Amino acid sequence: MKSRPFLISFFCLLGYFTAFACGEGEMVAPDCHWIFYTGYQSADENWQYNLNRAFREENITFWHHYVHQKVSKEEVEAALYDVMLLNSHTQNAFFRYLIDHNDKEALQYWMLLKTSDSAYIKKMQWQQSAWFYDEKDGERYWGWWNEDEQPVHDLSISLVETLDESVIDKCKNAQIRHRYILQVIRKYFYCRDYQSCINVWEKYGKTVPKSVLRSQCLNYYGGALRRVDRDAEAAVAYATIGYFNQKLHYDVKVLQDIYMKDPNSEAFEFMIQEFVNTYFDHVYAQRKSIPYYNYYSFSEYILPETAKSLAFNKLSDKVLKVGITKNPALWLSAQSALAFIDGDLNAALSLLGQAEKAKGSKAVKDNIRMMKLMFNALRTDIDDKYEKVLYPDLKWLVNIINTENPNECFCYNDFDSFCKPSKTNHHVKVLRRTIILGVIPHFQRLNMPYKCMAYQNLYDEVVSNYKEERAMARKGEFHRGPSLFGSTYIHPPIYRKAAFDSYLEPHDLGEPCTKIVADSTLWFLNMDYSTDFFTCIDTADLRDLLRYVQFLKSGGKTAMEKFVIQNNYRDLNFYNELIATKYMRMEKYDSALVYLKRVSPKFLSTQNIDMEIDSEHNPFTEGWITRKEQQAKFRLPFNPAKAYADNPSKETFCKIMLRLQKLMKSSESEEVRANAAYAYGLGLFRSSIGHAWALNYYEYGYNWGAHEGHGAPGADRDLEAQVNARVDEVLDIALKETRDNILSLKCKILHSQKRKSYLVTIKEDDYWDYEIFNKSVRETFCDLACDYDRSEESRDWRWSAWYY
Amino acid sequence: MKKSIAFCAILLVCMVGCQQKNPYNDKLKYSGNAVYYWQTWFSLDEQDQEFLDKNSIHTIYLRFFDVDINQEEFSNDKCAPVATVSIANESFGNLRIVPVVFITPTAIKEYESFTDNLAHRLYAMCKKNSISIDEVQFDCDWTESTKAAYFQFIKDIRPALKEYFKKEIAISSTIRLHQLTQEPPAVDYGVLMCYNTGNFKDFKTDNSILDVKDVEKYAKHLKKYALPLKLALPDFSWDVEFDGNHQFVRLNRGDYDERYDSTHLKHLEGNMYAVSPVGEEETTKYIRHEVVSAETILKSKALVEKYYGNMPVVLYHLDHKQLSKYSDDEIKAFFD
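From first to last, the protein sequence lines stand for chains V and A. Numbering-wise (the working numbering), the first sequence opens with residue 1 and increments by one. Numbering-wise (the working numbering), the second sequence opens with residue 805 and increments by one.
If you are wondering where the hints come from, they were derived from the structure by calculation, not from laboratory data. Each hint should be verified, as a subset may be incorrect.
[To be verified] Below, computed lysine-lysine pairings styled on DSS-like, alpha-carbon distance capped at 30 Å:
| id | chain 1 | residue 1 | chain 2 | residue 2 |
| --- | --- | --- | --- | --- |
| 1 | V | K123 | A | K959 |
| 2 | V | K123 | A | K1110 |
| 3 | A | K913 | V | K114 |
| 4 | V | K122 | A | K970 |
| 5 | A | K913 | V | K123 |
| 6 | A | K970 | V | K114 |
| 7 | V | K104 | V | K123 |
| 8 | A | K1103 | V | K123 |
| 9 | A | K970 | V | K123 |
| 10 | V | K308 | V | K318 |
| 11 | A | K1021 | A | K931 |
| 12 | A | K966 | A | K913 |
| 13 | V | K122 | A | K913 |
| 14 | A | K1021 | V | K123 |
| 15 | V | K122 | A | K959 |
| 16 | A | K931 | V | K123 |
| 17 | V | K122 | A | K971 |
| 18 | A | K966 | V | K123 |
| 19 | A | K1089 | V | K122 |
| 20 | A | K1103 | V | K122 |
| 21 | V | K247 | A | K959 |
| 22 | A | K971 | V | K114 |
| 23 | A | K1103 | V | K114 |
| 24 | A | K932 | V | K122 |
| 25 | V | K372 | V | K318 |
| 26 | A | K882 | V | K114 |
| 27 | A | K1021 | V | K122 |
[Unchecked claim] Label pairs and their calculated CB-CB ranges:
| id | chain 1 | residue 1 | chain 2 | residue 2 | range |
| --- | --- | --- | --- | --- | --- |
| 28 | V | Q246 | A | S936 | 55 to 61 Å |
| 29 | A | E876 | V | K261 | 39 to 45 Å |
| 30 | A | S879 | V | E165 | 49 to 55 Å |
| 31 | A | S879 | V | K261 | 24 to 30 Å |
| 32 | V | K172 | A | N898 | 55 to 61 Å |
| 33 | A | S936 | V | Y81 | 47 to 53 Å |
| 34 | A | E876 | V | K362 | 55 to 61 Å |
| 35 | A | E876 | V | V228 | 54 to 60 Å |
| 36 | A | Q851 | V | Y81 | 42 to 48 Å |
| 37 | V | Q246 | A | S879 | 35 to 41 Å |
| 38 | V | Q246 | A | K882 | 52 to 58 Å |
From a predicted model like this one, the values you see are computed outputs, not experimental measurements. All C-beta atoms in this analysis are idealised placements derived from N, C-alpha and C, irrespective of residue type, glycine included.
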């Protein structure tokens, strides 16, 4: 029970710092163990499939080399795996090579194998035919064989009965002999002759070198052992090849049996890793399910798992007391992890301290260091010297991640095609947990948001795979920046709470999450605008962003600060442009211009909004006016629409808005002041909610859908509401000042248009509040019909009003 | 009732007196009483079990599935099994189960495509349901045009069954009355179907299930029929439905009195009824309620045995609702 408050407390912390949330890579995958790791990549549900695929590759390469690469790999592959070649194999170049070189051993091997294959194919065809009758439930062939597969039909077995130990003994070629061993084991397994399967491996297995072929053999061997109730040995066999079997590997009795036979079994590293991780998954899954399924009692769920933990600790204590184990650090660190999962951080840290001092393998020692990094980060009693403690371990971890091949860092989740390109493996998860759950909350407590930004940036930069792409984009090697498609995925704030951590549920947060006033992060962005760091700085207070940039420029004082800055994205164009945009959102156009001037045109040309900032998206035109000649007509010393069209950019926009501000304040003419106010309101509206949105926001990707609606469903609309209020204010000024019926009408139409737009965008699920909308239109139309003259211009306006 | 039993008894005595001795009786294995089971759900309830015990029935000819042209668009199989029986029984005690497979006349033409699969499926079904068998029966309404295919199928299926079951499996075949005019298939024995003698689609037919006159037409061929035979007798009934133009519509179970409201039902003559229209779009339809009397069954039995000799009887089929129409004595007489 004590674990729950602890978990809740640190999840509550997460809630507070949601703005610093990390990637959606964590969105799914309760199978991604995050506490304990030794060096084995845990088996997933595709393990069997992957093993078979790996064997296929190894097999092709082996035979390709066997024939001295005289035959193409494609021909070899066809010879080995093309079922159509069964009856015409002599025409295949690979077999022709063996025949021409009179390689009797290889030919004999292949003859036997092809006969065996035909038996498999027969079975496969039968299972896929309309005639199939499932004589053993669940026997139907679904695409690949696995260890639990039922034996082939007796009829097929009779075809391969000559495949026995004698063929192994007779074979002189060691490499082919190893292959015979696999085939004989496989055959016995499928024939349910498990004892013979075991005997063959135990007699011949030692000679088989470490390879995928060996893993295949051990897979069948383990399966056979399991079926004759030799669980401990089966568990070891599976552990050797990294195949996780929950029945065997999540059982303290099996661990104990293995220990009794071999106190220093190599299988322990894998098994204990899987034990701890499975424990975590189970405990977490139960905690998660209880609030939703409260008709199950708490004890029913938690107690059986606690019993597992207790049993493990009892065994571990015994193992450590006896002292034969050469890897006591493994047992101690596992106890520490279990204590952590059970919610006792102090006990976890204490045990981890002991584990640190105890003997252990490199994988275990590395794991202890990672656990220390995470556990320390979660302490709330750490002081401002924490960075000193953090520095060596964080540097070590970042170095590991930086030297890993990104292609080998597999993604656990199902959102590969949607998630931004980033590394996802255990090391990344440790880094993520350390920074997001520990370091950032720590600096938040110290009221140092710029440090939070720096660490968030470090995390994003370390795990992102797109640095090269970004560099290419910056060099202008992409015409318009890299493709948006399939590369970006950012959750709107309302979803981010759930997406933040797969282990975080709304009920875990206790209090509602801090409200996030998201600006550009409402959308999907790419490259620079797809990181969580961007989410953070885009939604942060401008003063914090300015402080962060100052920190970035300083280069840092301490080793840790220098290291963090080194690992930050440091292109000042990026920051200056964003600062300018933030000033624009605040209508501080003079300040915006200062920062815009610091941004290189080349940088601007590679931004994802570049295509949207053009004369077609003019913020000073009224798209709702049907007659073009009536659009953008202002009684001003200059035409803002034309000025913008001549050089469409943020800079031009700022200059025009500044000029309009000036006219609104200081023009002697009421009409000029009114026209300036109208144009200013129009600019505000169109640059935020209207079609020139790219002036205040960034691009969203194609994954989400169309542009209409400006953002994801349920997205926070605060900024738009603010803009709407400001436009109202400005239009009111115009209406007060003007005596020009047409301008007054234009203001009213903009007012209605704005409200329509607001209504359209604020409602979810295509729901329009027609009543309000119609009232608005009706009022405006009444004004048009009653109050205005019969001139041609007025007629056009009325027509426009009708139109919408 | 008493009268009819007395009549039957006299008739039987007369018939037995003049019948031949079945020349193949010695070759017939398992010649005890038997029944067919022709539903898609096999489960023997207490009444069924009681009937079997009372009549010393130890063999059930259980329809496993039908073979028909495959309707699946993207399948490689030209023919496919349909209406496979689901077997609820976990054990069969002393019962001997003989799987029966009905093959449609169109499917038999494609026998080459399914012979092996059929044997495999029979094997799989027996294995799954723990049924030990020594015989399989095939039911096919083969004619002159499909005879060759059926005979070849019988020839091919024997080794295929042996391959799967790893032992000799006896093969029997149903024999329809019209098939008596042809040479018999190369099976171990046949079961003469003494039912479905008439054309049920014909409005003028009096009783298509069994009519002694129809039996008489073919019975004489039994004299020279060179195959051991059992005799299948019908205990079922059905209602043949015709539209207002006397065109055949469908076959229903023989429960017209439950199916239609008595106020809409009018007895015309014999076994013919008119059903008055219910809705606006409906027209009058006609129902021919066909049920075979014990008298007709025994007459037919006597007739065929006159030409062939005594034959072990298989009742078609085990359905206690249908069987309840007959008295214990009558049923006993069917088997005697």
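(message) Holds or violated: K1021/A and K122/V, Cα atoms, limit 30 Å.
(response) violated, 49 Å
(message) Does the beta carbon distance between K172/V and N898/A stay inside 55 to 61 Å, or does it fall outside?
(response) Hint holds: Cβ distance 59 Å, inside 55 to 61 Å.
(message) Just to be careful, I want the Cα atoms of K932/A and K122/V compared with a cutoff of 30 Å; is the pair within it?
(response) Holds, because 20 Å separates the two Cα atoms, which is no more than 30 Å.
(message) For a C-alpha distance cap of 30 Å, please report whether K308/V and K318/V respect it.
(response) holds, 15 Å
(message) Given the hinted pair K913/A and K123/V, is their Cα-Cα distance within 30 Å?
(response) holds, 25 Å
(message) Verify the CB-CB distance for S879/A and E165/V against the hinted window 49 to 55 Å.
(response) violated, 42 Å
(message) Holds or violated: K1103/A and K122/V, Cα atoms, limit 30 Å.
(response) The hint is violated at about 52 Å.
(request) Given the hint that K123/V pairs with K1110/A, test it: the Cα-Cα distance must not exceed 30 Å. (result) Violated - the C-alpha atoms of K1110/A and K123/V are around 51 Å apart, more than 30 Å.
(request) Could you check the hint for me, namely that E876/A and K261/V are 39 to 45 Å apart, CB to CB? (result) violated, 54 Å
(message) Quick check on a hinted range of 47 to 53 Å for S936/A and Y81/V, using CB atoms only.
(response) violated, 40 Å
(request) Given the hint that K1089/A pairs with K122/V, test it: the Cα-Cα distance must not exceed 30 Å. (result) Judged against 30 Å, a Cα distance of about 53 Å means the pair is violated.
(message) Holds or violated: the 35 to 41 Å window for the beta-carbon distance between Q246/V and S879/A?
(response) At roughly 38 Å between Cβ atoms, S879/A and Q246/V fall inside 35 to 41 Å, so the hint holds.
In this structure, the earlier hints numbered 2, 3, 8, 11, 14, 19, 20, 21, 23, 27, 28, 29, 30, 31, 33, 35, 36 and 38 are contradicted, and the remaining ones agree with it.
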